[in-house]
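Number of protein chains: 2
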Amino acid sequence: MKLTVVKIGGNVIDNPTLCSQFLSDFAQIAGPKILVHGGGKIATQIAEKLGIETVMVEGRRITDQSMLNVVTMVYGGLVNKNLVAQLQKFGTNAIGLTGADGGVILSKKRPVKEIDYGFVGDIERVDAGQIAGMISQGLTPVFAPLTYDLDGNMLNTNADTQAQAVATAMSQEFEVNLVYCFEKKGVLSNPDDDDSVIPQLQPEAYAAYKASGAINKGMIPKLDNAFKALGEGVKQVTICHAKEVLAAVSEGNAGTKLTI
Amino acid sequence: MKLTVVKIGGNVIDNPTLCSQFLSDFAQIAGPKILVHGGGKIATQIAEKLGIETVMVEGRRITDQSMLNVVTMVYGGLVNKNLVAQLQKFGTNAIGLTGADGGVILSKKRPVKEIDYGFVGDIERVDAGQIAGMISQGLTPVFAPLTYDLDGNMLNTNADTQAQAVATAMSQEFEVNLVYCFEKKGVLSNPDDDDSVIPQLQPEAYAAYKASGAINKGMIPKLDNAFKALGEGVKQVTICHAKEVLAAVSEGNAGTKLTI
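If you read the protein sequences in the order shown, they are chains A and B.
Start counting the first sequence at 1; every next residue gets the next number (UniProt numbering).
Start counting the second sequence at 1; every next residue gets the next number (UniProt numbering).
This is chain A alone, in the form it adopts within the complex (with noise of 0.2 Å):
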């Protein structure tokens, strides 16, 4: 059976009318799906009126107790109860998930090396069969991207990583295509033109774009993990705007494709 994952960056979440849209279009997509979002820069507005400063490290929060305390508020009550409210009322039945709820997706606090990124989680498991049966029970999971430890701890946890770790492994079940939602067309063949969307992607032609730098800074790391998912089982990652969600999903003529 085929199930589309799809991820929402912080972009999305700052901006309601775009939020709202992708929400209704989201509820289109046929056949089971999850829901993987961001944070949003609500997070860092709210810690800032609660008189708690934001460090970021190459561009990664860095989370103590009192940051823990604000995106386990912000990420896993106001930014998901909200975007489950208004996906029922698109008549999808979602279930706002953090990977603590059915104990879904176990981390591990990361070790303090050079940096001590604080409560911040590396995953260790996902629990692919109690997922599984939610969506057999009619959900649509949405996560947010906070996971737990067995100490009893909330960690904060990257959605990008989130959303491969999940696609990876539902994997096991069903033909997953993974969907990441950001603000450009798809991955482009000219950084400088938006409208240059390279429709298919495979490993060899990204090595050939990379080479001649046409794919360049910020797209290598998403890339790599995104061909990671696919050599982990995912069957499609496809990259795509949140405005072109049911396109590149439903009618497959928008966004990048990438396949091996």
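None of these hints come from the bench; they were simulated from the model.
Heads up, some of the hints might be wrong.
The list treats identical chains as interchangeable, and a pair is accepted whether it falls inside one copy or across any two copies.
In silico DSSO-like links for lysine-lysine, alpha-carbon gap of 30 Å or less [stated by the list, open to error]: (1) Lys113 with Lys89; (2) Lys243 with Lys113; (3) Lys109 with Lys89; (4) Lys184 with Lys210; (5) Lys113 with Lys185; (6) Lys235 with Lys222; (7) Lys210 with Lys89.
Chain B: place on chain A using the hints.
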């Protein structure tokens, strides 16, 4: 099959030592179980730090859009997920839910009469089948006092009422023991003597205690509500101290048992 539905109030949430002991005890309750939690003072504290004024009318929180965001964050995120993570540590496969998750508790925004309570929900329907499905997957639902409507809103909901509504709905399929944990050892025959716990209470005796004034004030709506649950199919209601939940439920030698 038996099912235990336990409600804990804000006084437990606000006391980390008591809360941890309670969760360890709750984890040891045999058989299927559900936890419903209140909010605690932390929502008021966080609202204050965010510059949002708390307005209470007759003990009920007026929930405008800003306050709704706070309770959605605090009850649905911070409190709920920390309870879930701690229960996982104690070996209980908890799943944190609001009424929106899985569409399990649908409400209607309270109509404005003399007072506009704002985004407060009056429960319309509990999907006992969906909750039973989760229980049959080995999960222990942990409910935050939040529900939703079909317009895409989360709604602030009274935890006592939510516990009663869930217990009543589940009594279609289970023999339900609904347990209200509070700050006294049970229903007292003498309000000034904390050890004067009435072990068993039936409607006739309740009427006599009310007539004599031994049971009065805030206990009356609590008990009226409890007897209503019994009238609608709940097998037993137990009222006990959070410290004695295991003695009251598993050993039957603490608290007050209500029967009809």
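**OP:** Indicate which option fits the pair lysine 235, lysine 222 if close means a Cα-Cα distance not exceeding 30 Å: within, between, both or neither.
**Re:** within (17 Å within a copy, 55 Å between copies)
Original post:
Under a CA distance limit of 30 Å, which applies to lysine 210 and lysine 89: within one copy, between copies, both, or neither?
Top reply: neither (43 Å within a copy, 45 Å between copies)
Subject >> lysine 109 and lysine 89: within-copy, between-copy, both or neither at 30 Å Cα >> reply: So lysine 109 and lysine 89 pass the 30 Å test across copies only (14 Å; inside, 36 Å).
Subject >> Up to 30 Å CA-CA - lysine 113 versus lysine 243, copy category >> reply: neither (40 Å within a copy, 41 Å between copies)
**OP:** Evaluate lysine 113 and lysine 185 at a C-alpha cut-off of 30 Å and name the case that applies: within, between, both or neither.
**Re:** neither (37 Å within a copy, 50 Å between copies)
Subject >> Alpha-carbon proximity between lysine 113 and lysine 89, which holds within one copy, between copies, both or neither at 30 Å >> reply: Intra 45 Å, inter 26 Å, cutoff 30 Å: inter-copy only.
**OP:** Using 30 Å as the alpha carbon limit, work out where lysine 184 and lysine 210 are close: within a copy, between copies, both or neither.
**Re:** within (18 Å within a copy, 69 Å between copies)
Checked against the numbered hints given earlier, this structure breaks hints 2, 5, 7; the rest are met.
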